Amino acid sequence: MSANASTPRRVARVIIGLITMIVLVALFAALMVLPGPSTWVDKVAAGNNAIDRTVSPTQSDAYCPAPMALADSGTYGDSAFQATVGDLTTQARYASFGSVYSASAAEFGGKSSSDSVALKDADTTDEDDVKTASEAIDQGSRLLDTRMLTAQTGTGTAGAIASWASEGDLKGVSAASCVTTALRESFLLPSTATGTTQQLIVANPSTKPTTVDIAVWGTTVAGRLTLSTQSSLVVPASGEGMLELSAAASNQNGLYVTVSSKETPVSAVVRVVSMDGLTSKGSDFATPLGTASNASVVPSIREGDAVTAYLFAEADTRTTLSWITGHGLVEAKDLTVNAGKVSVVDLGDAPKDALGLVSSAEDKLFLTAKTTRSGDDGQADFALINAGAAVEFSGLTLPDGVTGTITLANLANTETSATVHAYDAKGNALKSREVKLGANAGTSIPASELASDDADAAVILVEDQSKHVGWGVRFTRDKLGDGKVAGLAAIGATPLMPATAHIWARNDSSIVR
1 MSANASTPRR VARVIIGLIT MIVLVALFAA LMVLPGPSTW VDKVAAGNNA
51 IDRTVSPTQS DAYCPAPMAL ADSGTYGDSA FQATVGDLTT QARYASFGSV
101 YSASAAEFGG KSSSDSVALK DADTTDEDDV KTASEAIDQG SRLLDTRMLT
151 AQTGTGTAGA IASWASEGDL KGVSAASCVT TALRESFLLP STATGTTQQL
201 IVANPSTKPT TVDIAVWGTT VAGRLTLSTQ SSLVVPASGE GMLELSAAAS
251 NQNGLYVTVS SKETPVSAVV RVVSMDGLTS KGSDFATPLG TASNASVVPS
301 IREGDAVTAY LFAEADTRTT LSWITGHGLV EAKDLTVNAG KVSVVDLGDA
351 PKDALGLVSS AEDKLFLTAK TTRSGDDGQA DFALINAGAA VEFSGLTLPD
401 GVTGTITLAN LANTETSATV HAYDAKGNAL KSREVKLGAN AGTSIPASEL
451 ASDDADAAVI LVEDQSKHVG WGVRFTRDKL GDGKVAGLAA IGATPLMPAT
501 AHIWARNDSS IVR
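In my numbering, the protein residues as written are 1 to 513.
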């Protein structure tokens with residue numbers, strides 16, 4: 001066969017090959033762009049074409065704030081007029097409960113683990129599974145890292161710090177629980193009048209920076225306020241960011257504040273310090289609120305406390321504020337809470353037998369109380385107390401150096417009971433007490449009554465099967481400033497319940513391309 005005869009065949013094969021390649025490329029492109037047939041996609045056998053799963057993480061982080069501090073600690077001017085923290089002392093205690101295999105507290109954002117404090121169980125043969133640790137803190141915040149074998153009721157960690165001073169501009173007692181991370185946290189805060197500083201501190205324990213949105217509502221108008229400063233805050237990875245709320249929303253009798261992060265869970269607290277010229281008027285940490293509720297109780301109030309209530313609701317509602325006592329409720333005030341506006345109610349001095357403050361509302365609202373005590377020479381101290389959460393298991397710790405009194409309040413219209421378990425600083429079980437509470441009644445137990453002959457009660461666990469009991473601990477410091485300095489603080493219980501998230505999976509053939 002001649003070369004001239006084979007040439008058309010070669011040309012034909014080339015043309016056919018090109019056409020075939022073009023067709024294959026076109027088919028591949030179509031498969032990548034167009035959704036495939038529904039028969040090619042696995043079906044999800046569930047109601048409404050979806051599967052619902054509830055999951056619980058077995059690792060958690062909690063932020064324990066640094067010692068109480070002044071917003072301005074400059075050393076300029078006459079030394080007699082310089083702000084000073086005085087003889088401030090701070091102690092912290094941490095405890096884990098249940099199925100926790102590893103828990104430790106370390107300097108927040110620290111590069112070295114040399115200052116890490118591991119929680120330990122002094123007696124591994126008992127059934128309580130309570131691990132503890134404590135430390136004195138000079139400066140800096142802490143991160144409480146927890147690893148659980150399983151996420152279940154009665155498992156988790158709690159921690160608290162307490163600061164006190166008898167000299168300087170922070171006279172009194174301040175305290176805070178360690179705050180778990182969340183995508184959204186909210187606060188009810190007192191007045192931002194002249195002489196008060198409110199430092200919002202946001203901590204980001206993750207390895208990537210984040211931006212949080214800050215929204216504020218006040219007492220002058222309904223609706224979100226336009227801030228004098230920025231309404232967002234950039235928080236670095238493994239770092240903290242700060243915003244002065246008293247400058248951002250000045251001259252408000254109260255604030256409701258939300259801190260929102262879109263992707264990275266954060267923790268937040270607010271340091272509140274009040275001065276009248278050179279006279280200390282108290283300081284305390286504000287910690288995040290729980291959930292809004294129709295029935296709320298603020299524990300740890302005592303006869304003679306000057307009490308101011310702060311309320312916030314998203315819808316107009318009526319509520320009745322009552323003192324809770326050992327024999328029931330004593331009505332204090334009936335009022336309307338306007339939507340989107342902080343309501344501030346001066347309730348005067350708490351009456352005899354008062355143990356807490358109860359709100360019974362038509363719609364859900366948030367409740368916080370400020371309780372104040374006065375010392376000599378015009379000095380005063382206050383505690384910011386949120387409504388307590390009623391859950392099946394909850395716990396808290398009592399740092400060294402302060403005296404604690406436990407308050408339990410029953411929100412139900414029927415009698416109920418709860419069991420209080422006490423442990424010493426090493427996690428050894430001390431005493432357990434079943435507490436019976438009348439309808440809408442409360443009781444108080446000095447922590448000293450749960451101590452043994454050779455060990456103080458340092459950790460408290462409350463088991464409440466009814467889920468109707470809100471509780472907390474009131475801290476004082478014996479003979480602070482030879483008894484001339486008023487000092488009080490209070491912390492709420494930390495729920496020891498598994499955090500849950502719902503995940504839905506559904507059939508959607510359009511996502512297969």
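A few of these clues could be false.
So the derived label-pair ranges between C-beta atoms look like this [claimed, not checked]:
no. : residue 1 : residue 2 : range
1   : E263      : Q465      : 24 to 32 Å
2   : K120      : A71       : 49 to 57 Å
3   : A455      : A315      : 48 to 56 Å
4   : D400      : D213      : 32 to 40 Å
5   : D115      : K364      : 25 to 33 Å
6   : E415      : S206      : 27 to 35 Å
7   : P351      : R184      : 32 to 40 Å
8   : G348      : G483      : 18 to 26 Å
9   : K352      : S448      : 38 to 46 Å
It should be emphasised that the hints constitute simulated quantities derived from the structure, not laboratory data.
Just so it is clear, the structure is predicted and the values come from calculations on it, not from any experiment.
The beta carbon of each residue, even a glycine, is placed where N, CA and C say it ideally should be.
*Taking 18 to 26 Å as the hint, is the beta-carbon distance of G348 and G483 inside that range?*
Given a distance of about 25 Å, which is inside 18 to 26 Å, the answer is holds.
*Are E263 and Q465 spaced within 24 to 32 Å by their CB atoms?*
37 Å, violated
_Range hint compliance [Cβ, P351 to R184, 32 to 40 Å]_ = 37 Å, holds
_E415 versus S206 beta-carbon gap, inside 27 to 35 Å or not_ = 46 Å, violated
*Taking 32 to 40 Å as the hint, is the beta-carbon distance of D400 and D213 inside that range?*
38 Å, holds
*Return holds or violated for the Cβ distance of A455 and A315 against the range 48 to 56 Å.*
The hinted range 48 to 56 Å holds for A455 and A315, with Cβ atoms some 49 Å apart.
*Return holds or violated for the Cβ distance of K352 and S448 against the range 38 to 46 Å.*
Because 23 Å falls outside the window, the suggested range is violated.
*For the pair K120 and A71, does the Cβ-Cβ distance stay inside 49 to 57 Å?*
Because 37 Å falls outside the window, the suggested range is violated.
*Given a hinted range of 25 to 33 Å, is it respected by the beta-carbon distance of D115 and K364?*
With Cβ atoms ~42 Å apart, the hint is violated.
Violation of the numbered hints given earlier is confined to hints 1, 2, 5, 6, 9; the remaining hints are satisfied by the structure.
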